[in-house]
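S.K.: The chain contents come next:
There are 8 protein chains.
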Amino acid sequence: MTLKIYLSGEIHTDWREQIIDGAAGLDVEFSAPVTDHDASDNCGVAIMGAEPDKFWHDHKGAKLNAIRTRKGIADADIVVVRFGDKYKQWNAAFDAGYAAALGKSLIVLHGPDHQHALKEVDAAALAVAEEPRQVVEMLRYVLSGSLPV
Amino acid sequence: MTLKIYLSGEIHTDWREQIIDGAAGLDVEFSAPVTDHDASDNCGVAIMGAEPDKFWHDHKGAKLNAIRTRKGIADADIVVVRFGDKYKQWNAAFDAGYAAALGKSLIVLHGPDHQHALKEVDAAALAVAEEPRQVVEMLRYVLSGSLPV
Amino acid sequence: MTLKIYLSGEIHTDWREQIIDGAAGLDVEFSAPVTDHDASDNCGVAIMGAEPDKFWHDHKGAKLNAIRTRKGIADADIVVVRFGDKYKQWNAAFDAGYAAALGKSLIVLHGPDHQHALKEVDAAALAVAEEPRQVVEMLRYVLSGSLPV
Amino acid sequence: MTLKIYLSGEIHTDWREQIIDGAAGLDVEFSAPVTDHDASDNCGVAIMGAEPDKFWHDHKGAKLNAIRTRKGIADADIVVVRFGDKYKQWNAAFDAGYAAALGKSLIVLHGPDHQHALKEVDAAALAVAEEPRQVVEMLRYVLSGSLPV
Amino acid sequence: MTLKIYLSGEIHTDWREQIIDGAAGLDVEFSAPVTDHDASDNCGVAIMGAEPDKFWHDHKGAKLNAIRTRKGIADADIVVVRFGDKYKQWNAAFDAGYAAALGKSLIVLHGPDHQHALKEVDAAALAVAEEPRQVVEMLRYVLSGSLPV
Amino acid sequence: MTLKIYLSGEIHTDWREQIIDGAAGLDVEFSAPVTDHDASDNCGVAIMGAEPDKFWHDHKGAKLNAIRTRKGIADADIVVVRFGDKYKQWNAAFDAGYAAALGKSLIVLHGPDHQHALKEVDAAALAVAEEPRQVVEMLRYVLSGSLPV
Amino acid sequence: MTLKIYLSGEIHTDWREQIIDGAAGLDVEFSAPVTDHDASDNCGVAIMGAEPDKFWHDHKGAKLNAIRTRKGIADADIVVVRFGDKYKQWNAAFDAGYAAALGKSLIVLHGPDHQHALKEVDAAALAVAEEPRQVVEMLRYVLSGSLPV
Amino acid sequence: MTLKIYLSGEIHTDWREQIIDGAAGLDVEFSAPVTDHDASDNCGVAIMGAEPDKFWHDHKGAKLNAIRTRKGIADADIVVVRFGDKYKQWNAAFDAGYAAALGKSLIVLHGPDHQHALKEVDAAALAVAEEPRQVVEMLRYVLSGSLPV
Chain A
1 MTLKIYLSGE IHTDWREQII DGAAGLDVEF SAPVTDHDAS DNCGVAIMGA EPDKFWHDHK
61 GAKLNAIRTR KGIADADIVV VRFGDKYKQW NAAFDAGYAA ALGKSLIVLH GPDHQHALKE
121 VDAAALAVAE EPRQVVEMLR YVLSGSLPV
Chain B
150 MTLKIYLSGE IHTDWREQII DGAAGLDVEF SAPVTDHDAS DNCGVAIMGA EPDKFWHDHK
210 GAKLNAIRTR KGIADADIVV VRFGDKYKQW NAAFDAGYAA ALGKSLIVLH GPDHQHALKE
270 VDAAALAVAE EPRQVVEMLR YVLSGSLPV
Chain C
299 MTLKIYLSGE IHTDWREQII DGAAGLDVEF SAPVTDHDAS DNCGVAIMGA EPDKFWHDHK
359 GAKLNAIRTR KGIADADIVV VRFGDKYKQW NAAFDAGYAA ALGKSLIVLH GPDHQHALKE
419 VDAAALAVAE EPRQVVEMLR YVLSGSLPV
Chain D
448 MTLKIYLSGE IHTDWREQII DGAAGLDVEF SAPVTDHDAS DNCGVAIMGA EPDKFWHDHK
508 GAKLNAIRTR KGIADADIVV VRFGDKYKQW NAAFDAGYAA ALGKSLIVLH GPDHQHALKE
568 VDAAALAVAE EPRQVVEMLR YVLSGSLPV
Chain E
597 MTLKIYLSGE IHTDWREQII DGAAGLDVEF SAPVTDHDAS DNCGVAIMGA EPDKFWHDHK
657 GAKLNAIRTR KGIADADIVV VRFGDKYKQW NAAFDAGYAA ALGKSLIVLH GPDHQHALKE
717 VDAAALAVAE EPRQVVEMLR YVLSGSLPV
Chain F
746 MTLKIYLSGE IHTDWREQII DGAAGLDVEF SAPVTDHDAS DNCGVAIMGA EPDKFWHDHK
806 GAKLNAIRTR KGIADADIVV VRFGDKYKQW NAAFDAGYAA ALGKSLIVLH GPDHQHALKE
866 VDAAALAVAE EPRQVVEMLR YVLSGSLPV
Chain G
895 MTLKIYLSGE IHTDWREQII DGAAGLDVEF SAPVTDHDAS DNCGVAIMGA EPDKFWHDHK
955 GAKLNAIRTR KGIADADIVV VRFGDKYKQW NAAFDAGYAA ALGKSLIVLH GPDHQHALKE
1015 VDAAALAVAE EPRQVVEMLR YVLSGSLPV
Chain H
1044 MTLKIYLSGE IHTDWREQII DGAAGLDVEF SAPVTDHDAS DNCGVAIMGA EPDKFWHDHK
1104 GAKLNAIRTR KGIADADIVV VRFGDKYKQW NAAFDAGYAA ALGKSLIVLH GPDHQHALKE
1164 VDAAALAVAE EPRQVVEMLR YVLSGSLPV
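Residue numbers (my numbering), protein chains in the order written: chain A, 1 to 149; chain B, 150 to 298; chain C, 299 to 447; chain D, 448 to 596; chain E, 597 to 745; chain F, 746 to 894; chain G, 895 to 1043; chain H, 1044 to 1192.
The following block holds chain A by itself, in its conformation from the complex (with noise of 0.2 Å):
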């Protein structure tokens, strides 16, 4: 059995190093939106040309990465979804929608100051961690049945 994960979500901290390091040598892999926040805003008008209207400037942008993240969420059996401490996203609770909504197994890794924000996130998954170690220790038992010693 492989396990597919695609991990969503902040993109400023390592975490997703932290869970691929750690679960190397399991039988997953993973996948994740374009993580250059720089790459990432300016694609849509780099490849199909400039806008002088911010909202369409990102517009492009955010259907460019559209493609890639619909297709690592489609793709997963389970979708990781990240809240960091910084900024409101909106991107990564929209793609736990998306995710719950097509039956993925949603896990959610935040804090406890989200606790209650996230409280209708949390509800749609089937697990909620602190650590990114906790989400190696969920995929580790998911394939082997082995618990963290």
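Using 20 Å as the maximum straight-line C-alpha spacing, the simulated EDC-like pairs for lysine to aspartate or glutamate come out as follows: (1) C:K302 to B:E178; (2) C:K352 to C:D336; (3) F:K831 to H:D1156; (4) C:K384 to D:D532.
Keep in mind the hints are simulated off the structure, nothing from the lab.
On a predicted model such as this, the values are computed, not experimentally measured, just so you know.
With chain A held as given, fit chains B, C, D, E, F, G and H onto it using these hints.
M.R.: Same frame as chain A, now just chains B, C, D, E, F, G and H:
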């Protein structure tokens, strides 16, 4: 043609009333989440019993509210999602993602300050508005072909 | 908003009547399996002819009952599954799994003794109740936002 | 043609090993839930933190196990559900209902004592067996057309 | 609960009338193909223009009839398929397969002579009857729980 | 049986009126896009604000019109697509493809000059007509089995 | 591009071998039902135990065969259904209907004598052939664009 | 992550080759319709026999081509639809609608002259390009996050 519309998101201003009042006479049916903040927060424990842990207190309520929310979105032709000026509003973005994955027509309603932070949500929408009045005009146009004068 | 509710499970107590009576005045439509035990057990052979082998006697009846059961679950917004104190009740758990896979909102109703044995079923539910009265309160809240006083 | 088979249900006898051993040489891939009883019961709290309330202790574990269970059933061509002599085994019946709603080919494995109680589950199945050996014979026949001699 | 029933198959006896008359007073809605043999055979060319080649003559008609047939099956809760004594009746078996793949409840109606030839069709059905009267009894039981006396 | 029919395509002749008038007395419900050319072209900017770039001017309008179009097609049993003598009419062919992928019954209406260019669209249709009168005859036949005299 | 092809229908001539041999070298994968008539008829009782009643003897076998048949059709891109000169062959027409409802590309293979009786089946097909050689030519064309010389 | 891409539309310029060559080294798999115009037009009659009527000549071919087209679109993550300067190209717009209804990521490729006529198609797309080079840049960005320099 009757349009069924689910009004998701902000509960601290009267945007729903503005849309519902403005749409008087149109062939529309509105639904919405419970907008009484206290009832919404405490419904789970009020009916199923108290929880000492805030996480489970919220969890019970969020799941009970999901019965109404999912029914409303599943039955809707159009999901309007309103982002206000305050709070994280991750449940609004979650609803938008959920609606998008189900192929619902999405209308996003927010002020210009949130434009960049909502670019992924807007990219999944068929219309983006700043004022409830514009949503009413859209509903009238979709139903009758009449534009505002 | 009309809620369609399928009442699955135990047929030896009056829990269905308690819910239906308690929900008087709410915008709900209930459906349920045939709850006449003898009719339910013998319907297949009574209509399609006797079977000397008990397995096929039961098989004919169970399939005929499935016409009603599947219609009820497929049409429902909410499936309430009641586990009583006696019998194996595997059909109730089967209905719960069937409803969960179809994405129906699931409410499980059982006493505290069954908590551990029903943990997988409860984990798929949006609400778990011990008393029919609580299910009525949920329906009222989902429809009107009113909590019990 | 590779057959993917999910082996659901009883974890206290060696029926899975009998099927897997008997199917040696066939083009099959098996998956199953975690069958270490203690790990399965405690996985949630071991990874996500202790819960004083038994309901939430079980809830966390059941949901984490659901990540594996749903992946196994969703990927399977055939779901074999075994009902043993002891315990309520509502999770087995839940899996059978879940698999049936997804249109999976269902094989039910149980002794003659449970025939009447399982009639609704059997009615949804494409085959009912009493011995693991018979399941192996079915797999061989489905793949090769060869009957037992 | 209203049951929608599509009556597919044989058009040379009055089995449909027997069922419709017998079900008088029940909460049922029937639909059926066009049963006027000549109209059904010639509808395509009568409306869209003559065809010198019999294959295309039939093709035009069969496709036009499919508009009605597919609507009837798609809307139905129950599809009753009748196999009479004469003709190939491949369209009846086609409808049965079509209905089965859509998850409709299938009732097959045929005499004992066809038992072996229809075993695959019967295997996909929830009930097999020999007489229209039995189908009426099934509908009454499914709706009301009442068995024939 | 009520047939729901979406009338897609050409907006410069009175083919829709011919069909709607001809079908008077039949159990049909028609829907259609907004056929006021100016309103359809400018609806986006009229409601959501002007765009200096023609592409975005059109984009806003096309998306707003899609709310109506997708609702109409999604609800329809039959989608009639009319190709006239002029213009590219790619939106008509787009609607035909959209309807085909959703499994709708497709009727294509065009003159003989377009036969070769529309062969892929016609190949996905259940009927091809040259005159609105023929579409009316089809609707009458599908509903009543009556052929034109 | 690998094409997966399910070969349904007649088991008394060598049409499957002709297609498989003719397609040597093409990027195709074939599957088919068990074509050993005796094994297919008796598989149910051979594995699950004898039945005195012929109906249940056949029923057990037909359901066991359905595990293979449904897997083959569900996995296929193309379903080829062959109608021979003899027997009722209702299972072939059932498979054709099942495949059509799943949106599979359907190729029907039959002699000119059956043209009228198969008009509904042919109307659901993307191609109708009289000879296995033609099916091979279709597969070659679909994969490579090469026509027979 | 492998991207599967279907290249639909214009067959008279070398845009497919430009994209395929430009994407050398990327993890992509391309598919496309048969682009040999004569073979595509005549495949039906070449394999299944001549037709005196041009409509049926075209019909046979269009349906046979649909076996390849639907497989290509169904398997694709991304559907690129190219509109050239000449011809009606209704099959391209049909493919775009078909792909949109299946939820595929749609990229539309056309020159500025067609902007207004394609506004509904563009509105359903995640990206609109004028040059094949831009499509290659999109594929590279989606796979690797790298922008053109």
